[in-house]
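Counted from 1, the sequence shown has number 214 at position 214 by the UniProt record's numbering; the numbering is strictly sequential.
Because the hints were derived from the structure by calculation, they are not lab data.
Keep in mind the model is a prediction, meaning the values are calculated, not measured.
Hints should not be assumed to be uniformly reliable.
Computed list of lysine-lysine pairs in DSBU-like fashion (alpha-carbon distance at most 35 Å, straight line) [what the hints assert, rightly or not]:
(1) Lys403 / Lys241
(2) Lys413 / Lys433
(3) Lys413 / Lys301
(4) Lys174 / Lys436
(5) Lys178 / Lys205
(6) Lys205 / Lys241
(7) Lys8 / Lys403
(8) Lys436 / Lys413
(9) Lys403 / Lys167
(10) Lys336 / Lys167
(11) Lys241 / Lys258
(12) Lys259 / Lys205
(13) Lys336 / Lys178
(14) Lys403 / Lys74
(15) Lys74 / Lys336
(16) Lys241 / Lys174
(17) Lys364 / Lys174
(18) Lys436 / Lys167
(19) Lys205 / Lys301
(20) Lys433 / Lys403
(21) Lys74 / Lys174
(22) Lys443 / Lys174
(23) Lys358 / Lys74
(24) Lys167 / Lys441
(25) Lys205 / Lys336
(26) Lys178 / Lys358
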Amino acid sequence: MKLAYTSKLGWPLLLALSFAPLLIWALFPYSFDQRFLRGGSLNYAMTMTAVGQALGLSGMAMFALNLVLSARLKWLESIFGGMNKIYIAHHILGGLAFILLLLHPLFLVARYLQAEGGAIKAALVNYVWSPSCAANFSLLNPDCSTTYGVTGLALMILFLVLTFFVKLPYQTWKLTHKFLGLAFFFASLHVLTIPSDVTTVAYLKYYMFALVAAGFLAILYRTVLGFIIVPRLEYVIDEVKVVNETVSEVVMHPKNEKKCIRYVPGQFIFIGFPDVSGLGEVHPFSLSSQPDDLCISIGVKALGDFTRRLRELRPGMRAVVEGPFGRTSYVYYPRKSQIWIAGGIGITPFLGMARSLKSDDGYKVDLYYSVVDRSDAAFLDELGNLAARNPNLRLVPWFSREKSFLTAEAIVKESGGVLGKEIFLCGPPPMMKALKAQFGKWKVPVANIHSEEFSLN
């Protein structure tokens, strides 16, 4: 089971769809001279207008596509190479969309900078609220279109401020995403109602309408229609094993044995527990079980409000499961000489992989388990037993209190080199970022390093 070549199509496809409206805009209905020149010379106001329009078109396309990326559509994993890479693309594309949409009105206002003060003031007032819109308000009134755009941009700024500069609980953070949907609503009204090429050029109008429709369908898929059409399976809790002071393992069986998830070791699921107030919202957790078992299990460390309360779960309670997701599994990659590196609770997917690894599979794996000290090393005894029974699995516990932080140099020495090996990382983001940079200095190709991020928000 190897990753297909289609896993490299994600970004090229995103960029093509994002800049396609620019191509249509550039070809129809005006030439370069008609958009930028007056009297044979480059005209300032026309240039500012044209650049502002181009920025707005691509920014809106990226905004719509970003909503599609956030919908957790499993088929997208095949063209991006995993849900983790989809989330990375989501963050990058969202940032680009915001920058372009922020520059869009600035360039349009800049065309008035050569005008007299009264004209500038009138333009700015109309940008905030059109008097004719106030007198005759309706959603499809073209006089309100600029106001829609300003409102959408203001809501987008509010959402991004809450996302990047305010530390919010996960539930509150998810609630702020409603601002993004509202921002998209007003931005869509702006694009589809303002007198522009979008309203006059059929190709551009239909393309932008299709993108807007895709964005709204993505929102509906995760909100209103989520409980109806999003595929979820019901499991029943068997037990909650206390592994150490902070780590537990939740074991579950399918309510209907014919309806259970099919997964490969190392994948993750989104799971919620509707029988306990406050635990019904789904969260991502790696599967620590092996696919041969009917039961599934997740390893959980008490790091936040949600995870701390999971010890309240009792046998017989329901679990709602969505997934599986992820492509960070040893079965997806060609080289059987591998290095697995876990930090803290990042051991969970490797536990599932170690439980699944067979002595006759032909793999040769070094598993590094980095924690502060032995008391922090959940599942260490089981991993030791698995390594003792499987000559192709070598466990290397790494206690940072005794040896300092785990480094690529230490791994190179311990494993006899890293070139030509698949490297898997799962742990705190700072640890993974540091190790990736260090492996780069050892000339390890980026394509050979695979990671699973746990800070999905």
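Review point. Of the hints given before, which are not true for this structure?
Key: As far as the earlier hints go, 6, 7, 10, 12, 13, 14, 17, 19, 22, 25, 26 are violated by this structure, in ascending order.
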